[in-house]
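**Student:** Required output: the full structure, derived from the provided sequences and hints.
Chain order of the listed sequences is X and Y. In terms of the numbering used here, the first sequence opens at residue 1 and continues consecutively. In terms of the numbering used here, the second sequence opens at residue 113 and continues consecutively.
There are no misleading hints in this set.
In silico SDA-like cross-links for lysine to any residue, where the CA-CA straight-line distance does not exceed 20 Å:
#: 1; chain 1: X; residue 1: K42; chain 2: Y; residue 2: G152
#: 2; chain 1: X; residue 1: K42; chain 2: Y; residue 2: G154
#: 3; chain 1: X; residue 1: K42; chain 2: Y; residue 2: K123
Partial selection, computed: residues in chain Y whose CB lies under 8 Å from chain X:
#: 4; residue: G154
#: 5; residue: T217
#: 6; residue: Q218
#: 7; residue: F220
No lab work stands behind these hints, which were simulated from the structure alone. A virtual CB, placed ideally from N, CA and C, is assigned to each residue, including glycine.
Letter by letter, the chains look like this.
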Amino acid sequence: GESVGLHLPTLSVQEGDNSIINCAYSNSASDYFIWYKQESGKGPQFIIDIRSNMDKRQGQRVTVLLNKTVKHLSLQIAATQPGDSAVYFCAENRNTGNQFYFGTGTSLTVIP
Amino acid sequence: DTGVSQNPRHKITKRGQNVTFRCDPISEHNRLYWYRQTLGQGPEFLTYFQNEAQLEKSRLLSDRFSAERPKGSFSTLEIQRTEQGDSAMYLCASSLGLAGGQEETQYFGPGTRLLVL
Numbered sequence: 001g002e003s004v005g006l007h008l009p010t011l012s013v014q015e016g017d018n019s020i021i022n023c024a025y026s027n028s029a030s031d032y033f034i035w036y037k038q039e040s041g042k043g044p045q046f047i048i049d050i051r052s053n054m055d056k057r058q059g060q061r062v063t064v065l066l067n068k069t070v071k072h073l074s075l076q077i078a079a080t081q082p083g084d085s086a087v088y089f090c091a092e093n094r095n096t097g098n099q100f101y102f103g104t105g106t107s108l109t110v111i112p
Numbered sequence: 113d114t115g116v117s118q119n120p121r122h123k124i125t126k127r128g129q130n131v132t133f134r135c136d137p138i139s140e141h142n143r144l145y146w147y148r149q150t151l152g153q154g155p156e157f158l159t160y161f162q163n164e165a166q167l168e169k170s171r172l173l174s175d176r177f178s179a180e181r182p183k184g185s186f187s188t189l190e191i192q193r194t195e196q197g198d199s200a201m202y203l204c205a206s207s208l209g210l211a212g213g214q215e216e217t218q219y220f221g222p223g224t225r226l227l228v229l
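**Tutor:** Okay, structure coming up:
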């Protein structure tokens, strides 16, 4: 399953399928990006990050892709599990300070 | 547990009362951040400390809000004369930043959920 972030804030996938969550960022000067996972009632949990000198980074079951030309970031989750159900946020550091700017988030629901 | 901790986890108060929240960052982290998150939205930056110095403040941080980090370790966020619009999750994050270096990963605490009646 695939979402386009702000336009499709909810994504439902079958357990075992791959998930793709998309994020469009706004500032071409942004140089550091983080994907966070947030479960209900909890703080955001770091998943994976990428700097602007890279276009792909892989973690355990997760891959982040960065396309600076179109200012687009995606999070791919392989073999999605029920425990992956959460809201996923992309956060960008705009290189103008230390704060991160968060997108609206995408709610991922994994159907067993 | 060596992560970021926040207390209390929940706070219910009446409009007009003052509230104070505490954040204990990861021990070796010199940078500490406060964010606010309302339902269905991503966290919004409020303020940032490097050691004990408050270096950035958002326009969201009205004069009723004050944050301190007196010894460069834990931080407090106080809201005076609370309003119903202050109801939100208040998140603290910390990172290890090197002078003149790149921004590093921010790790979040569990948040303090505030409800103003």
